[in-house]
Amino acid sequence: MDSALIPEGAKRCSLPKFSIGMAIVGAVLLWGVWAMFLCWFKGLNQTNMNDYYGFALWIWADLAVIAVGGGAFFTGMLRYIFNIKELKNIINFAVIIGFICYSSALLILAIDIGQPLRGWFIFWHANIHSMLTEVAFCLSCYFAVLTIEFIPNILENRQANKVPFFHHLAHNMHGIMVIFAATGAFLSFFHQGSLGGVAGVMYGRPFAVREGLLIWPWTFFLFTWSAAAYGPSFTLLVTKMTEVITGKKLVKDNVVHLLAKISGWMIVTYIIAKIIDTIYWAYVTAPSLGFKLSHFYTDNSFYGYWILITEIVICGIVPGAILVIKSTRENPTLRLVAIILGTIGVCLNRWVMVLQIMAVPVMPFDTWALYIPSWQEVATTVLPVAYGIMLIALAYRYLPVFPQEKELNSVKPITESE
Amino acid sequence: MTQDNHNNAYKFGMVIDLDKCTGCGSCMVSCMSENNVPFKEDESNKRDSITWMRVYKLTNGKSFPDTEIAYLPRPCQHCGGEGDHGHSPCVSVCPATATDYGYDTGIVSQIYTRCFGCRYCMGACPYHARYFNWWDPKWPEGMEKYLSPDVSPRMRGIVEKCSFCYHRYQAARDKAYYHGDKDHIKEEDYQTACTTACPSNAITFGDLNNPAHKVHQIVKPDPHPDPRNHHVVGKSRNPKVFRLLERLGTNPKVYYLSEREWVRKQGDHYLEGEWDKIKNHHGTTSHG
Amino acid sequence: MSELENKAKNDSTISAGEKIAQKIKDDKGLGQGVILFIIAFVVCFAGSTLLFPKLLYSKKEQPFNFDHYLHVYEAGDCEACHYLREDGSFSGIPKLETCMECHVEEPLGVTDDEVVFVKEYLAKDKEIPWHVYAKQPDCVFFSHAGHIDTGARMDFNECHGPIEETKTSRTYEENRITGYSRDIWGKNIFGIKKNSWDRMKMDDCAKCHKEETGHQGYCFQCHK
Amino acid sequence: MFPFSFEWVWDIGHMIFFGGLWYAVGILSAGMIYVILKAAWDTMSESINNSGESH
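Residue numbers (this note's numbering), protein chains in the order written: chain A, 3 to 420; chain B, 507 to 794; chain C, 12 to 235; chain D, -10 to 44.
I should point out that these hints are in silico values taken from the structure, not numbers from a laboratory. Treat the hints with care, as some may be off.
[Claimed, not checked] 20 Å max Cα-Cα, derived PhoX-like pairs, lysine-lysine:
#	chain 1	residue 1	chain 2	residue 2
1	D	Lys27	A	Lys164
2	B	Lys546	A	Lys294
3	B	Lys783	A	Lys44
[Said to hold, decoys possible] Partial pick of chain C residues on the chain B-facing surface, computed with a CB cut under 10 Å:
#	residue
4	Gly87
5	His93
6	Met165
7	Asp166
8	Gly228
Predicted model only: the values in this text are computed from it and were never measured. Glycine residues also receive a C-beta, built at the ideal position from the N, C-alpha and C atoms.
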């Protein structure tokens, strides 16, 4: 029915089958949208946040999607600025994932603020000394960059490309993409960093505070580094998931291996920096404020040392090692384990740097604060996932996302797919 | 406010005698009614109800018969920030400049119509002095007529906190203008609601910069940075006076006074053996 | 085959740029398009400048007309009714009690407005619900003591305009969204200011403070 | 955000921060304008060339 829209030579499942899949995900999306409107019209009392625990589950989701969305800027930087040719086979998909992540992040921020109609104050009345201001500016600008990077791919749709203007526009945009990618890399560097700075500058919170360079605490650099390290892992993970669901091979192994290798080396270097940072914080920064490390990890039912070990060893050193060593990297199972662990690791890091901070008591006579998210918070956190699945499905069905798809799937007919 | 006023600025502060405090809660009640704090339908969850002034209960952790109790009222600490330069934990992080540090008074403001409710300041404040309006403000019927016209009520979705009853400072300044001496607000003309309401006179309020004010005489603030930690300024030279979490360098303007060592020790975190070294260290000079 | 194509075929040696220029010149629809654009622009412009303020502001008449000119003449000066109290606070618009210092239960004149005043308010001992042109939003603290003779020695015309010369009370306009008086945002929809009293937004306060004191002020100086 | 807004101060911090911001915004918008104009130009010249060659 919609075969005229489907990329030439590509096999896609039937429209009814596709529609049923979309309807199921769409139902989840609507649930999230309903919760979103509840938060907007009834206020943040719909959540289980309180004055002790002022950041919700979705703020973690916000930081996490931005972190894993870092694959777009880093892959883009490698493709366009360092001119690594192989990556052109995955850059489209990396951009789409980035686009989903960043649009979700902006949406979450719009739900999170208590007075959404005043959201523009952050731009208009900007306090440039606040890390959050830098986040807002760079996030919005970088979202514009991702949109610009996504547009040519949309215009390459079979029907759209027949319009001469669109054809030329897509072609010309490819021509100067290096400029957009460079601007994107610049913006990304700062907003990823500023998100890390958000926690690092809170000198009233010994669990979060870090010393640093000039105005930037070390978390600034660690966040940028970790997004660049784990982002490509997430890109690979989503590619793998898409391959499993569609039952097709979409990207050649050499491309996957290259990106995995880059991600691996970035993870290894990051985790070394992270370990140094953790040790310095545990043995110098925190004790200078009167805190022992055990203060942050004991006397409560949830935040134990396990979280530190999981983040650094299981989800840091392990995936880093797997991806760096050639034999394990080229083993599909181990590689999958590594990219899953890596994605969990960076998400866990964001959880620690935004929510655990709220839980740790600072005044000596104060108590741990724990909270359980309400269904509205869960629904609005699931919302971006449903939205992401729908957008990827639509993009995969109608846009030439994977340049190698035709070549890889031309020999034998492939099973039906979504 | 002229620039030269910057030089002989006020620095309003408070000292609370924890040995006099009985934990009666008068300060909390007077604060709420003075500052138009709204009610919640169900006030049983204290973690999302608004209490600009909150009384904490401290114990020495010993079992009967050695148990001792102290109460610690906690208003906004009006931090001067690291080095007392005005970069308070909350002010420096607010993305929309909805809160600023008044260099003329040392008071940290909160502008309700500017705040858009990102709650970053709440995360940055270690004292939990900032409160979010989770609900629309509501008062029992007819009670809106008793609201103070000098204090702006707050809307849902924004952050609020103790202002050291700033409207009383504004009124005192008007009075000083009328009497032709705008640069000298009398001690008795500007007192916060909690200070005047405390039945045991535990709270003393005034200008920390003015040696004639009682608060200055009790605290004897050291104008020089602490040689052991340059972020800390205004340490008390009175050995019985301490501030909450002084080592973080937030430089609060609320001081606490207690004869009891275990109470003073609860003001901050100390590693093993540190307290014994630190407890006798006060401002650089003993005469003040 | 269109006229354009003919031309292009006949004259294939000229460059692409010249062709496009020619194409534009030949396009008879262009003139109509330009006219349509201008009309649309004028409609939108007029709509936004003339209609929008009408939609945004509701008009309210004062309870009855008040003759400032006559009252200043009779009472001697402004301070007879608007004065500073001893605690430095400002009396604002006088209550009925102050009016009754002169209007002792009987009219002093014969105007219709005075009839309304006596019948509706004086006889019923009811306060007059004046609409206050200069009323600032609730979050604003304004110190009269700090600005008039006791403080910065400003003339009240600077903010209120020549109100002592007015014989009638103008219509009060209220912003339907914010509920603020139109005098705050200003009469001119583009925010152009001719007189110092045309507008009283935060930026206007800050500008004067900056000029006079060297600092635009900390938030709490003017907020509550 | 703009030099006429209340919070603006002509200090080094504002100049660096907003300098960087407006620089990035400027590059992005200039790039997009250039690309759109060039695409329009290409489309027009192509349509003229094609119509010329089609006969």
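Quiz item: Looking at the structure, which of the earlier hints fail to hold?
Solution: Hint check: 2, 3, 4, 5, 6, 7 fail, others pass.
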